[in-house]
Amino acid sequence: MANGARLSDADLEQALVALASQIDFPDLPDLSPAVGRTLREISTRRRHPLADLRRALRSLLRPALLPAWQRVAVAAVVVVTVLAGTLVASPSVRRAVAGWLGLRGVKIESTPAPTQSLSTSLGGTLGLGERMSLQEAQSRVSYEILLPSTPGLGEPDEVYLFPGTAGDQVFIIYRARAGLPQALSGVGLLLSEFRATIDEEFVQKKLVHLGTVVESITVNGGHGYWIEGEPHVIQLIGPDGHPIEETIRLAGNVLLWEQGELTLRIESALSKEEAIRIAESVG
Amino acid sequence: MGGRPLEDSELVELARQGDVSAYEELVRRYQDLAARTAYVITGGADAQDAVQEGFVKAYLSLGRFRAGAPFRPWLMRIVANEAINRRRAARRHMNLALRAAEGRRSEGAVPSPEAAALVQEQSQELIAAMAQLRPEDRLVIAYRYWFDLSEAEMAEALGCARGTVKSRLSRALGRLRGALEHRRG
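For the record, the sequence lines run as chains A and B. Just so we're aligned: 11 in the numbering used here is position 11 of the first sequence, and the numbers increase by one with no gaps anywhere. Add 1000 to the 1-based position in the second sequence for the numbering used here, that's all there is to it.
No lab work stands behind these hints, which were simulated from the structure alone. Keep in mind it's a predicted model, so treat the numbers as computed, not measured. The beta-carbon is built from N, C-alpha and C at its ideal position, and this holds for glycine as well. Don't take every hint at face value.
Incomplete in silico selection of chain A near chain B, CB under 8 Å [what the hints assert, rightly or not]:
| # | residue |
| --- | --- |
| 1 | Glu13 |
| 2 | Ala15 |
| 3 | Leu16 |
| 4 | Asp30 |
| 5 | Leu39 |
| 6 | Arg40 |
| 7 | Gln138 |
| 8 | Thr197 |
| 9 | His232 |
| 10 | Asp240 |
Isolated chain A, as found in the complex:
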């Protein structure tokens, strides 16, 4: 292959197959504990803590996962957990209990009261990146962060910087309040800003296929869309021309529009008219 005539298709295919066993693919550690920890952190704060406990109990007692004696034992431990939360709050006790039952990897833990997590952080539940002041976020991105000036909305409650895969993204949270209904866990409105453009093909073909209602709109002279029906994902085009998939964080409607070099997105439980009114004050 190294020299001489042009390779036949069959030779090339054979060489590629042979190459597979020679590539030094990395041996990664088991990532499931880290992934699980992240997901539990997200889901614990999204839901009432008792819902997690019930879910944990249900999943632990599934016959496929545990023999009968362990199911009884786990049920007992969970009940004890509920009755004596202070005892189980100690990590070493939790580890010991899980160890006795042979439940390595299963975490039995007390969860913070929802009011506590709400008062400390609204967006910590949503995977928005690092929380910081608006000034700090501004100092770290290369574009001007735009804010709405709608009367009554006030200053942002929280600002996050998501270390972007194709550039940094800023998330701005406004707490739910009178006139701004709650979309998720105390959050009334999530505004995100990103140097990107809208992937028109994705919006017009795939989003519509996914059962969402998509309406073309104009905001501040920029082209955009009102997307209704709880879309789970949208796609933008990054500065390098490649698509970027974006997970919608709140269960609500999405207003997406281009303004200058940015694509902005409002996620909220607001009506189209209300969302556009706020978007038009952004500048």
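Please arrange chain B on chain A, whose structure you already have, making use of the hints.
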């Protein structure tokens, strides 16, 4: 532990209902394949981050996963996207590595040192040409020849229609051939 292992579809359904333990089982099942997929794109240190973030994103996107669809290629697509985006952000040149020659054992007869050296040289040349391709081309080649995906799985993992898998593969092979020939001058 008694009972049969749960099917992917059962684990996905549990995970959709918020059962993180079920999802952790899916992570254990597919993390090696996910790591290889990411490695084909990033070739280096970012692979683990891409895999971890890909698994988290996939969980958060389970709401849009079609019930009954195969989980494996869907996950690979998310991990691959994550890896592609990370690689672009890092602006690093990708670099696939071969195992050290002495660490490999080919099937059958043990080759002479000269033959082993020749194989190693050819492999180096081929992998260097692979590294010059766009990530999308590397992926389609890896899916077919390294991970042995079916055409249907490739379509799902690449996010394209099944009818275009063959033409994509053929174009990628053409570019690989071009890169090889260019290297040889």
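Comparing the hints with the structure gives:
1. Glu13: holds (7 Å)
2. Ala15: holds (6 Å)
3. Leu16: At about 4 Å, which falls below the 8 Å cut-off, the nearest Cβ of chain B leaves the hint on A:Leu16 intact, so it holds.
4. Asp30: This hint holds: A:Asp30 lies near chain B, its Cβ roughly 7 Å from the closest one there, short of 8 Å.
5. Leu39: holds (5 Å)
6. Arg40: holds (5 Å)
7. Gln138: The hint is violated - A:Gln138 has no Cβ within 8 Å of chain B, the shortest such distance being about 20 Å.
8. Thr197: violated (16 Å)
9. His232: holds (4 Å)
10. Asp240: At about 6 Å, which falls below the 8 Å cut-off, the nearest Cβ of chain B leaves the hint on A:Asp240 intact, so it holds.
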